[in-house]
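Student: Please construct the entire structure, taking both the sequences and the accompanying hints into account.
Position 131, counted from 1, in the sequence shown is what numbering that gives the first Met the number 0 calls 130; the numbers after and before it change by one each time, with no gaps.
Since the hints were derived computationally from the structure, they do not count as laboratory data.
Small disclaimer: the values here were computed from a predicted structure and weren't measured.
Just so you know, not all the hints are guaranteed correct.
Said to hold, decoys possible - Here are the in silico distance ranges between beta carbons for each label pair:
1. D168 x L112: 15 to 23 Å
2. E70 x M0: 14 to 22 Å
3. G78 x H149: 36 to 44 Å
4. S128 x V84: 23 to 31 Å
5. K142 x G78: 30 to 38 Å
Yeah, the Cβ is synthetic: ideal placement off N, Cα and C, and Gly gets one too.
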Amino acid sequence: MTLRSICVFCGASPGAQPIYRQAAENLGRHLAEQGLRLVYGGGAVGLMGVVADAAMAAGGEVVGIIPQSLERAEIGHQGLSRLEVVDGMHARKARMAELSDAFIALPGGLGTLEELFEVWTWGQLGYHSKPLGLLDVGGFYSKLGDFLDHLVAERFVRSQHRAMLQLADSPAELLQALRQWQPNVAPKWVDRKPD
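Tutor: Here is the structure:
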(Lines of atoms letter the chains of each structure in order from A and count residues from 1; the text may use other names and numbers.)
(Lines give C-alpha, C1' and ligand atoms only; values in the text may rest on other atoms or scores of the structure.)
Protein backbone atom coordinates (compact mmCIF):
# COMPACT_ATOMS: atom_id res chain seq x y z
CA MET A 1 0.00 0.00 0.00
CA THR A 2 1.34 3.43 -0.93
CA LEU A 3 1.43 5.83 1.99
CA ARG A 4 1.85 9.57 1.55
CA SER A 5 0.01 10.99 4.54
CA ILE A 6 -0.37 9.55 8.05
CA CYS A 7 -2.92 10.67 10.62
CA VAL A 8 -1.67 10.44 14.21
CA PHE A 9 -4.07 10.36 17.15
CA CYS A 10 -2.46 11.15 20.50
CA GLY A 11 -2.95 12.80 23.86
CA ALA A 12 -3.20 16.49 24.65
CA SER A 13 -1.30 15.44 27.78
CA PRO A 14 2.34 14.32 27.86
CA GLY A 15 1.43 11.33 30.04
CA ALA A 16 3.16 10.06 33.15
CA GLN A 17 6.25 8.50 31.57
CA PRO A 18 9.07 10.22 29.63
CA ILE A 19 9.00 7.35 27.10
CA TYR A 20 5.71 8.69 25.70
CA ARG A 21 7.29 12.01 24.77
CA GLN A 22 10.31 10.23 23.33
CA ALA A 23 8.06 7.98 21.23
CA ALA A 24 6.13 11.00 19.89
CA GLU A 25 9.41 12.70 18.95
CA ASN A 26 10.68 9.54 17.26
CA LEU A 27 7.45 9.08 15.31
CA GLY A 28 7.29 12.70 14.14
CA ARG A 29 10.92 12.66 13.05
CA HIS A 30 10.56 9.28 11.34
CA LEU A 31 7.49 10.37 9.37
CA ALA A 32 9.36 13.45 8.14
CA GLU A 33 12.46 11.44 7.23
CA GLN A 34 10.26 9.05 5.23
CA GLY A 35 8.71 11.96 3.33
CA LEU A 36 5.29 11.32 4.89
CA ARG A 37 2.93 14.16 5.72
CA LEU A 38 1.71 14.23 9.33
CA VAL A 39 -1.97 14.98 9.87
CA TYR A 40 -3.05 15.42 13.48
CA GLY A 41 -5.40 17.25 15.82
CA GLY A 42 -3.69 20.65 15.54
CA GLY A 43 -2.84 21.23 19.21
CA ALA A 44 0.44 22.57 20.56
CA VAL A 45 0.19 20.82 23.94
CA GLY A 46 0.95 17.30 25.16
CA LEU A 47 2.01 14.59 22.75
CA MET A 48 0.17 16.44 19.98
CA GLY A 49 2.64 19.32 20.19
CA VAL A 50 5.61 16.97 20.55
CA VAL A 51 4.89 14.89 17.44
CA ALA A 52 4.18 18.01 15.36
CA ASP A 53 7.29 19.86 16.56
CA ALA A 54 9.50 16.83 15.85
CA ALA A 55 8.13 16.42 12.33
CA MET A 56 8.52 20.15 11.58
CA ALA A 57 12.08 20.20 13.01
CA ALA A 58 12.98 17.31 10.68
CA GLY A 59 11.67 19.22 7.66
CA GLY A 60 8.35 17.44 7.35
CA GLU A 61 4.95 18.70 6.28
CA VAL A 62 2.45 18.93 9.13
CA VAL A 63 -1.26 19.66 8.81
CA GLY A 64 -3.27 20.29 11.97
CA ILE A 65 -7.05 20.07 12.12
CA ILE A 66 -8.62 21.65 15.18
CA PRO A 67 -12.21 22.52 16.11
CA GLN A 68 -12.83 26.19 16.81
CA SER A 69 -14.17 25.25 20.27
CA LEU A 70 -10.87 23.55 21.18
CA GLU A 71 -8.47 25.98 19.55
CA ARG A 72 -7.93 27.84 22.82
CA ALA A 73 -7.98 24.79 25.16
CA GLU A 74 -5.58 22.72 23.05
CA ILE A 75 -3.68 25.84 22.01
CA GLY A 76 -3.85 25.67 18.21
CA HIS A 77 -0.31 25.18 16.92
CA GLN A 78 0.79 28.24 14.95
CA GLY A 79 4.08 26.77 13.66
CA LEU A 80 2.68 24.17 11.26
CA SER A 81 2.73 23.88 7.49
CA ARG A 82 -1.04 24.43 7.71
CA LEU A 83 -3.59 24.70 10.53
CA GLU A 84 -7.24 24.22 9.58
CA VAL A 85 -9.92 25.38 12.03
CA VAL A 86 -13.18 23.44 11.59
CA ASP A 87 -16.67 23.62 13.10
CA GLY A 88 -16.55 20.65 15.48
CA MET A 89 -15.22 17.22 16.38
CA HIS A 90 -17.10 15.40 13.60
CA ALA A 91 -15.66 17.77 11.01
CA ARG A 92 -12.20 17.34 12.53
CA LYS A 93 -12.27 13.55 12.29
CA ALA A 94 -13.76 13.57 8.80
CA ARG A 95 -11.11 16.01 7.54
CA MET A 96 -8.24 14.08 9.13
CA ALA A 97 -9.53 10.87 7.54
CA GLU A 98 -9.93 12.57 4.17
CA LEU A 99 -6.30 13.76 4.18
CA SER A 100 -4.76 10.48 5.36
CA ASP A 101 -3.76 7.12 3.89
CA ALA A 102 -3.35 5.41 7.27
CA PHE A 103 -3.84 6.06 10.98
CA ILE A 104 -1.53 5.64 13.98
CA ALA A 105 -2.42 6.01 17.64
CA LEU A 106 0.26 7.05 20.10
CA PRO A 107 -0.58 6.82 23.81
CA GLY A 108 -3.51 9.00 24.75
CA GLY A 109 -6.77 9.12 26.64
CA LEU A 110 -10.44 8.99 25.81
CA GLY A 111 -10.21 11.32 22.82
CA THR A 112 -7.41 9.26 21.26
CA LEU A 113 -9.34 6.04 21.74
CA GLU A 114 -12.56 7.58 20.46
CA GLU A 115 -10.85 8.83 17.29
CA LEU A 116 -9.17 5.48 16.71
CA PHE A 117 -12.32 3.43 17.24
CA GLU A 118 -14.48 5.69 15.11
CA VAL A 119 -12.14 5.56 12.12
CA TRP A 120 -11.75 1.81 12.65
CA THR A 121 -15.54 1.41 12.63
CA TRP A 122 -15.69 3.38 9.38
CA GLY A 123 -13.28 0.83 7.89
CA GLN A 124 -15.31 -2.06 9.27
CA LEU A 125 -18.42 -0.62 7.59
CA GLY A 126 -16.58 -0.20 4.29
CA TYR A 127 -16.39 3.61 4.27
CA HIS A 128 -12.64 3.36 3.70
CA SER A 129 -9.95 0.71 3.27
CA LYS A 130 -7.06 2.30 5.14
CA PRO A 131 -4.89 0.55 7.72
CA LEU A 132 -4.62 1.53 11.36
CA GLY A 133 -1.82 1.01 13.85
CA LEU A 134 -1.01 1.29 17.52
CA LEU A 135 2.47 2.43 18.53
CA ASP A 136 2.82 0.21 21.57
CA VAL A 137 5.12 2.38 23.68
CA GLY A 138 6.35 0.39 26.67
CA GLY A 139 3.41 -2.02 26.36
CA PHE A 140 0.88 0.83 26.59
CA TYR A 141 -1.58 -0.90 24.23
CA SER A 142 -0.83 -4.56 25.04
CA LYS A 143 -3.90 -5.04 27.27
CA LEU A 144 -6.10 -3.38 24.65
CA GLY A 145 -4.72 -5.83 22.09
CA ASP A 146 -5.62 -8.71 24.39
CA PHE A 147 -9.15 -7.35 24.80
CA LEU A 148 -9.58 -6.94 21.05
CA ASP A 149 -8.52 -10.58 20.59
CA HIS A 150 -11.15 -11.47 23.21
CA LEU A 151 -13.80 -9.67 21.11
CA VAL A 152 -12.86 -11.87 18.16
CA ALA A 153 -12.95 -15.04 20.28
CA GLU A 154 -16.40 -14.07 21.57
CA ARG A 155 -17.61 -13.47 17.98
CA PHE A 156 -18.33 -9.76 18.27
CA VAL A 157 -15.58 -8.77 15.82
CA ARG A 158 -14.46 -10.59 12.67
CA SER A 159 -10.80 -11.59 12.50
CA GLN A 160 -10.50 -9.63 9.21
CA HIS A 161 -11.57 -6.46 11.02
CA ARG A 162 -9.24 -7.14 13.94
CA ALA A 163 -6.41 -7.50 11.41
CA MET A 164 -7.03 -3.93 10.21
CA LEU A 165 -5.31 -2.75 13.42
CA GLN A 166 -1.56 -3.38 13.47
CA LEU A 167 0.52 -3.18 16.64
CA ALA A 168 4.27 -2.49 16.83
CA ASP A 169 6.71 -0.88 19.24
CA SER A 170 8.75 1.15 16.72
CA PRO A 171 7.74 3.65 14.03
CA ALA A 172 9.69 1.80 11.32
CA GLU A 173 8.11 -1.55 12.16
CA LEU A 174 4.63 -0.05 12.35
CA LEU A 175 4.96 1.77 9.01
CA GLN A 176 6.17 -1.43 7.39
CA ALA A 177 3.11 -3.28 8.74
CA LEU A 178 0.79 -0.52 7.50
CA ARG A 179 2.38 -0.62 4.03
CA GLN A 180 2.03 -4.40 3.84
CA TRP A 181 -1.57 -4.51 5.01
CA GLN A 182 -4.08 -5.54 2.36
CA PRO A 183 -7.81 -4.84 2.62
CA ASN A 184 -9.85 -7.98 3.22
CA VAL A 185 -13.46 -7.03 2.66
CA ALA A 186 -15.92 -8.92 4.83
CA PRO A 187 -19.39 -8.11 6.06
CA LYS A 188 -19.42 -6.51 9.49
CA TRP A 189 -21.87 -8.96 11.02
CA VAL A 190 -20.23 -12.08 12.40
CA ASP A 191 -23.23 -14.43 12.40
CA ARG A 192 -25.51 -12.88 9.82
CA LYS A 193 -26.37 -15.13 6.89
CA PRO A 194 -26.32 -13.54 3.42
CA ASP A 195 -29.71 -12.85 1.89
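Student: Go through the numbered hints given earlier and state which of them the structure violates, listing their numbers in rising order.
Tutor: When the structure is compared with the hints, only number 2 turns out to be violated.
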